[in-house]
Amino acid sequence: MAGKYKVPRGTYDILPSESYKWQFITQKFREIAHLFNYREIITPIFESSGLFERSVGGNSDIVQKEMYKFKDKKGRQFALRPEGTAPVVRSYIENSLQMQPNASKLYYIAPMFRYDRPQKGRYRQFYQYGVENIGSENPAYDAEVIAMGYIFLEKLGLQNFSLEINSIGCSNCSQDYDKALIEYFSQYEAELCKDCRNRLQKNPKRVLDCKVPTCRKIAQNAPSMLDYLDEDCQNHFEKVQKYLQEMNIPFTVNPKIVRGLDYYTQTAFEFLNNNLGAQNAVCGGGRYNGLFQQLGGQNTPAIGFAGGMERLILSMENEGLSFGEEPHPQAFVVALGDEAKEFSLSLVHKLRNEKIATDTSYEKNSLKAQMKAADKSNALYCLILGDDELKTDTVTIKNMKTGEQKQIPLATLVQAIKQRTLV
RNA sequence: GUGGAUGUAGUUCAAUGGUAGAGCACUGGAUUGUGGUUCCAGGCGUUGUGGGUUCAAAUCCCAUCAUCCACCCCA
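Going by the working numbering, the first sequence opens with residue 396, and the numbers climb by one from there.
No lab work stands behind these hints: they were computed from the structure.
These figures come from a predicted structure and were not determined experimentally.
Ideal placement from N, C-alpha and C gives every residue a C-beta, glycine not left out.
Careful: at least some of the hints might be erroneous.
Label pairs and their calculated CB-CB ranges [to be verified]: (1) LYS466 x VAL402: 22 to 32 Å; (2) THR791 x ILE440: 50 to 60 Å; (3) GLY781 x LEU430: 49 to 59 Å; (4) ILE440 x LEU762: 47 to 57 Å.
Sequences are here, hints too, so could you generate the full structure?
Printed below as a string of structure tokens:
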């Protein structure tokens, strides 16, 4: 039965058969976040467009082509948030969180919106989990944030992922480096692809990760960012690496990592999974020391990361990992005859009050149909109520896995289920 | 935004211009109170949508929408 309406392009429904996976992952993420003493922040789904134009960067693809913008009835210009960091920073500044205790470590799990062409692992509404560590430029926090991402993926059981890190320097080193890149690539301008010739002036670092073979070849001998770091940035980057080594977190330095959002400085990193096709970044982040000032706040260094739920789930499915058990009732009540049916209503209610997850079918009458329903519900126990049981104030309890069953006094039912469930 | 592939039942797929079908799933049943196995029965699907060609279109053509893949971008 095809209905009249369909989900908007690039969006999708998370159906009951999938939603428990979401719950499993978000619960794990919260656990890890709390383990590191991060606390949740929840910001609105839309913000003033200017927030993103100023933070993500007016020239970035995200702002230029991918933002869902709209005006409200008073003509105010808003955008559905395309990413999570800028809103957190906005909120931090607006609420003077630097004055509040325990507000420097924040996490979120929230939908983001980008008007991209949909593809595997790429959607127009997608979910990100992320953290922000605000207020310090100590490289220990860089290492801590990276460690958090690493432990999260590891705890989920992922095997096939790698960590790549880089330092893109502060604005000083970055300018020098851009100059050097332009100088280098200009020699080969004629051989570069059309896109890269364009990138060369606007954002020369982008040429480094072009996939066209000839550009790739030229990029191989391009000057490395690492040679252009000033002393501070170099020290910082070395410490990050040292701390990661001390925590036994494996990584490779990839000087070609470029971040698409303008606000990044110094440390940049990505967790990659090779089974995802073109959309292989499971999680990415970096330091953004300049962002607070750009948004009108005090000079406040910070570092964070964000990861995509959809890609994480794809990776886990690829590796055949468990998402925990699907929720199911503990007990399913089967009632035979009108009298028992009526009685089952209060029995079910009583069990639920006792925190025993219980279901029944008021619709089905035959024992067989009800047993089938009990089976499908994946309930641990089936509770059978018939004439015999009603007469003697008992109930037959059946273990659906082993097939064992026993007739017990109604008065002892709750206790019996609780004891058995614990085993 | 660019290029390519694909759209048939809930789902996976058949049907190459001549009556739309199968496996799985789903629902019911196989005499007196027992599920998972087995057997039987149950589908009026605008063949994504809209046009066109033809005596005749799921099938050929055009458009449109959607999905997938790649570019791009990034989570």
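Verification of the supplied hints:
1. LYS466 x VAL402: 22 to 32 Å: 25 Å, holds
2. THR791 x ILE440: 50 to 60 Å: The hinted range 50 to 60 Å holds for THR791 and ILE440, with Cβ atoms some 51 Å apart.
3. GLY781 x LEU430: 49 to 59 Å: 51 Å, holds
4. ILE440 x LEU762: 47 to 57 Å: 50 Å, holds
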